[in-house]
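Asks: So the chains spell out like this:
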Amino acid sequence: MSGGIWVIIETRDQKPKKIAYEMLSLARRIANQQGEEVAAVLLGSGLGECAVELGQYGADRVYLADDERLAAYTTLTYTKVLADLARAKSPRLVLSGYTVMGRDLMPRLAARLGTGLFTDCTGLELDGQELVFTRPVYAGKAYLRGAAVGTPALATIRPNVFGIQKTDTNRQAVVEPVPVDISSADLRQVIREVMCQVSARPELTEADIIVSGGRGLKGPENFQLLEGLADALGGAVGASRAAVDAGWIEHRFQVGQTGKTVSPVLYIACGISGAIQHLAGMGSSKCIVAINKDPEANIFKLADYGIVGDLFEVLPELTGVCRELKAQG
Amino acid sequence: MNIAVLLKQTFDTEAKISLAADGGIQSEGVNLIINPYDEFALEEALRLKEKAGSGEVVVVSAGGPRVGEALRTALATGADRAIHIEDPALDGADEFSVAAVLAAALKKGSFDLILAGWRAVDDGSGQVAIRVAELLDVPQVNVVTAVAVDDGRVTATMDIEGGCQVVEVPLPAVLTAQKGLNEPRYPSMRGIMQAKKKPLEHLALSDLDLAAGDTAPKTKLICHSLPAGRQAGRVIEGEAAEAVRELVRVLREEAKAI
Numbered sequence: 001m002s003g004g005i006w007v008i009i010e011t012r013d014q015k016p017k018k019i020a021y022e023m024l025s026l027a028r029r030i031a032n033q034q035g036e037e038v039a040a041v042l043l044g045s046g047l048g049e050c051a052v053e054l055g056q057y058g059a060d061r062v063y064l065a066d067d068e069r070l071a072a073y074t075t076l077t078y079t080k081v082l083a084d085l086a087r088a089k090s091p092r093l094v095l096s097g098y099t100v101m102g103r104d105l106m107p108r109l110a111a112r113l114g115t116g117l118f119t120d121c122t123g124l125e126l127d128g129q130e131l132v133f134t135r136p137v138y139a140g141k142a143y144l145r146g147a148a149v150g151t152p153a154l155a156t157i158r159p160n161v162f163g164i165q166k167t168d169t170n171r172q173a174v175v176e177p178v179p180v181d182i183s184s185a186d187l188r189q190v191i192r193e194v195m196c197q198v199s200a201r202p203e204l205t206e207a208d209i210i211v212s213g214g215r216g217l218k219g220p221e222n223f224q225l226l227e228g229l230a231d232a233l234g235g236a237v238g239a240s241r242a243a244v245d246a247g248w249i250e251h252r253f254q255v256g257q258t259g260k261t262v263s264p265v266l267y268i269a270c271g272i273s274g275a276i277q278h279l280a281g282m283g284s285s286k287c288i289v290a291i292n293k294d295p296e297a298n299i300f301k302l303a304d305y306g307i308v309g310d311l312f313e314v315l316p317e318l319t320g321v322c323r324e325l326k327a328q329g
Numbered sequence: 330m331n332i333a334v335l336l337k338q339t340f341d342t343e344a345k346i347s348l349a350a351d352g353g354i355q356s357e358g359v360n361l362i363i364n365p366y367d368e369f370a371l372e373e374a375l376r377l378k379e380k381a382g383s384g385e386v387v388v389v390s391a392g393g394p395r396v397g398e399a400l401r402t403a404l405a406t407g408a409d410r411a412i413h414i415e416d417p418a419l420d421g422a423d424e425f426s427v428a429a430v431l432a433a434a435l436k437k438g439s440f441d442l443i444l445a446g447w448r449a450v451d452d453g454s455g456q457v458a459i460r461v462a463e464l465l466d467v468p469q470v471n472v473v474t475a476v477a478v479d480d481g482r483v484t485a486t487m488d489i490e491g492g493c494q495v496v497e498v499p500l501p502a503v504l505t506a507q508k509g510l511n512e513p514r515y516p517s518m519r520g521i522m523q524a525k526k527k528p529l530e531h532l533a534l535s536d537l538d539l540a541a542g543d544t545a546p547k548t549k550l551i552c553h554s555l556p557a558g559r560q561a562g563r564v565i566e567g568e569a570a571e572a573v574r575e576l577v578r579v580l581r582e583e584a585k586a587i
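Protein chains in written order, with our numbering: chain A, 1 to 329; chain B, 330 to 587.
No lab work stands behind these hints: they were computed from the structure.
The beta-carbon is built from N, C-alpha and C at its ideal position, and this holds for glycine as well.
A few of these clues could be false.
Unchecked claim - Looking from chain A toward chain B, a few residues come up when the C-beta cut is under 10 Å (computed):
no.	residue
1	GLY48
2	MET101
3	LEU126
4	GLY128
5	THR156
6	ILE276
7	ASP294
8	LEU302
9	ASP304
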């Protein structure tokens, strides 16, 4: 019996994020091939209720570290609790989302455990007994397949890539409390202030639909055209580097090699020419629509559907139709 | 204030990626640059040193002979000295190995702050700087867009989902730079001339306090591949209103995307 697969469950407003379910489904599929255990690892405060339903998505066991000092994520507290637990239980594989938390936590945990980490994985499968990780390099211009040397292997999983299966509504996960042994050295990092832009729109990397704009928008005031369409579709707003460098929109909206890599179901590129760095960041989208007045624009070479036209005419029209559809339900 | 900047030489982001005959990534003829995120780190280090009025900025990099060019550029931009760790034993090194090597080099000095880009634009792995923080047992703040140092503590603003947060840690600490932190300066003519006289130290693994297992990789490469090329799809003709109706139809019926 190997040590099983762990999924670190990240929560928002006391509920697991979508990526948590995606990883549980992935872990379940792999575990079933080898009769392994899937454990969800839940750190936070007052998350007992949240633990119960994880069984339905594939967890056999929930390790629950419930402590006020874990209410907000900090690098050193979470690393300490997870490293202690991993040393005690020796899992074979530990997964976390490729999220703000996963990017900060997993390299630290990997270093503390003296182990390997695959970042931003878009593939994970068994080849015989060996776990094979697939991840983009050069922002998706190429892919790497690799395997871990030694255990536990660590990986962060790209959101929006793996499907969710609610496997067994009767599965009751065993909830096992985890000791929390935190010292003052683990509390060196202090969060002074959190500033959140209130937005009803989904996070760019998790969105199913992204409406993205570039130089063709001509100015910051025209991003409201994208916002209107994004809201009609329940999507997020993105931008090309050209629009960000022009100061029209903040960098956190940038898609591409020096911004975010996204894989939505639908990516609508408006007034984006399609520089190689941008294509690298969104080329794995399932369906790409390009709206651009230049028929020679690079973006048309990979778009599934294109409209050659003036986005200032096309976007309001498209937004109108999408609003009608939304109103019809 | 003594600041180390971890620097990586990467392919130009303009580079097209192809596979070499041995299945690896073709590097011949590719223009090499300083990882853009590391440029933000270097710029921030220079500004913090200027503000403190004393100390030095040391750029540290591990890699092959061409890394020397990147380090000279960093010196020309304003860094005081450079350390180049080069050793045939580093062929096939992974993040675990490189972090061990960089941490061992940093332990030879004494630094108040260690800065690096939050990820490199080549492997995009985003691990090495954080691993170094752990090996040095110092706190980290990842993906920062603003930094202030005061009285032995650093306050940094980091990106989080849907906003940002301000985090405080005691020095020494590791910070990783995000785009937006600053606007990096270019090397001046005078800087380029001065860089030739600035110290660039070469180290091999035997110069560092490392045990045999410390640098043995924890991951192995199976293969590289290129993504399946996307085909150009269909251009929908017609006036805006007509084209939009058709686009919505195909998105619902063919692509099932909305």
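Asks: Look at each hint and say if it fits the structure.
Replies: Do the hints match the structure? See the list:
no., hint, in the structure
1, GLY48, "violated (24 Å)"
2, MET101, "holds (9 Å)"
3, LEU126, "violated (13 Å)"
4, GLY128, "violated (13 Å)"
5, THR156, "holds (9 Å)"
6, ILE276, "holds (7 Å)"
7, ASP294, "violated (12 Å)"
8, LEU302, "holds (4 Å)"
9, ASP304, "holds (4 Å)"
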